[in-house]
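**Q** Knowing the structure of chain P, use the given hints to seat chain Y on it.
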Amino acid sequence: MEKKGIDQGHFMNCIESNDNNLCMMDQDSGTNAGERKVSHIEKAYVTILKELGEDIHREGLLRTPLRAAKAMEFLTKGYKITTKDILNDAIFDENHSEMVIVKDIEIFSLCEHHMVPFFGKVHIAYIPNKVVVGLSKLARIAEIYSRRLQVQERLTKQIASAIQEALEPLGVAVVIEAVHMCMVMRGVQKNNANTVTSVMLGAFEEDPKTRKEFLTLTMKK
Amino acid sequence: MTERSKQTEFTSKDKKETSLVLNGHFDVVLKRPPAASQGPAAESGARQSVAENWKEEHTRSVEDNEVSLPSLAEAYTTILRGLGEDPQRQGLLKTPWRAATAMQFFTKGYQETIIDVLNDAIFDEDHDEMVIVKDIDVFSMCEHHLVPIIGRVHIGYLPNKRVLGLSKLARIVEIYSRRLQVQERLTKQIAVAVTEALKPTGVGVVIEATHMCMVMRGVQKMNSKTITSTMLGVFREDPKTRDEFLTLVRS
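In order, the protein sequence lines correspond to chains P and Y.
Reading the first sequence from the start, the letters are residues 5 to 225 in our numbering.
Reading the second sequence from the start, the letters are residues 96 to 346 in our numbering.
Looking at chain P on its own, in the form it has when it is part of the complex (with noise of 0.2 Å):
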């Protein structure tokens, strides 16, 4: 899978070459392998309830772990889909050369320093190089790359990077702005600031007037 200079480390070897997408712990168990998964990250989950001083007796306790760990799944679904499985079909010829963009697409994605959410929204804008893609498979790998544990950063990079190669584009351009719970609820508690990354491939970086009118069609207030 393309890995291309964005490292995410011993993960992506270990899902991709693994037919039944087990994970490190799970390699020896069969068929069962998800509802395992499952049951490890629930007992995690009734430890932290009771370490935080909670009474996992509850009433409103008593389901808790499990739905914890199924919310936990479906935030981090992204670690099982993969650019190829989405995209195979909606690529069409169209003699278009100019510039395609799908803004305030949102997107909700954990935070890997803290496992806090963090959501806001991403404007996304290619310029065809023969070749143009089904508009919601751009939200759809932005779904891909923020259902994850991710660094705002190397969100940006992951989804230019997957417009590039799977359509091979004239240009591409990625702005997201965010909102970090880990710096609202917790740390430094500033409420209304937010967070801006952007990564500008091909003409979108050659060219500043490219840019600038990008820049000036997706950041109007």
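Warning: the hint list may mix true and false statements.
Calculated cross-link-like contacts (lysine-lysine; reagent style PhoX-like; alpha-carbon spacing at most 25 Å) [to be verified]:
hint : chain 1 : residue 1 : chain 2 : residue 2
1    : P       : Lys194    : Y       : Lys229
2    : P       : Lys194    : Y       : Lys189
3    : P       : Lys125    : Y       : Lys320
4    : P       : Lys81     : P       : Lys125
None of these hints come from the bench; they were simulated from the model.
**A** For chain Y alone, coordinates are given in the frame of chain P:
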């Protein structure tokens, strides 16, 4: 540990009052206790013990935090592996400790008591018009999914010769919100705490919040907000007072 056994004692005593005291959460709307019974050594009626328990509730200490950090970190390492991540990669090396400390911060309400926060800041003031502190940002954790709840609280009360330092209202909100919560219970706890501290003529609390468990997963409705309110005393009985409060909060 002693606090927990105290908790069970109160639960059994209070059963006839249909109140449930668990870990400092209590799901009862207190009738105002008789004005005389303020001291700790007052009558041993169940109502008094619930009020006392409210003042003493906390199930965790700063030392407990340090002691539980390694097992919390280990639990988070298990979660990382279970999700298919590699806990040894550079970005995740210290994540279990950071996540554990973050979670302890998000539940620090268990370490604090109302009485610590309020003792000094109640003042005698001959004021009997509404006092409102609004747009207090509140961050809590959904107790069902362990995912954040983000919102705003508006608190109003009608003093009865006693007023509260304004930031203390925000501190009461902090104590109850930094826990595993349900929005309904949070609203009621704040209202009851203000009632118990000041014995005002009335208290109104409104919370509007976004639940990440609905936005990031499940139904995935981005713009939905949940609004809960608790009106006690004259806010409940007199529609005009309630109207005034709600109008001032909305403006």
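**Q** Next, verify each hint and record whether it holds.
**A** Hints, one by one, checked against the model:
Taking the CA atoms of Lys194 (chain P) and Lys229 (chain Y), the gap is near 18 Å; set against the 25 Å cutoff, the hint holds. Under the criterion of a C-alpha separation no larger than 25 Å, the hint pairing Lys194 (chain P) with Lys189 (chain Y) is consistent with the structure, at around 23 Å. A distance of roughly 19 Å separates the Cα atoms of Lys125 (chain P) and Lys320 (chain Y); the hinted pair therefore holds under the 25 Å criterion. At roughly 19 Å between alpha-carbon atoms, Lys81 (chain P) and Lys125 (chain P) fall within 25 Å of each other, so this suggested pair holds.
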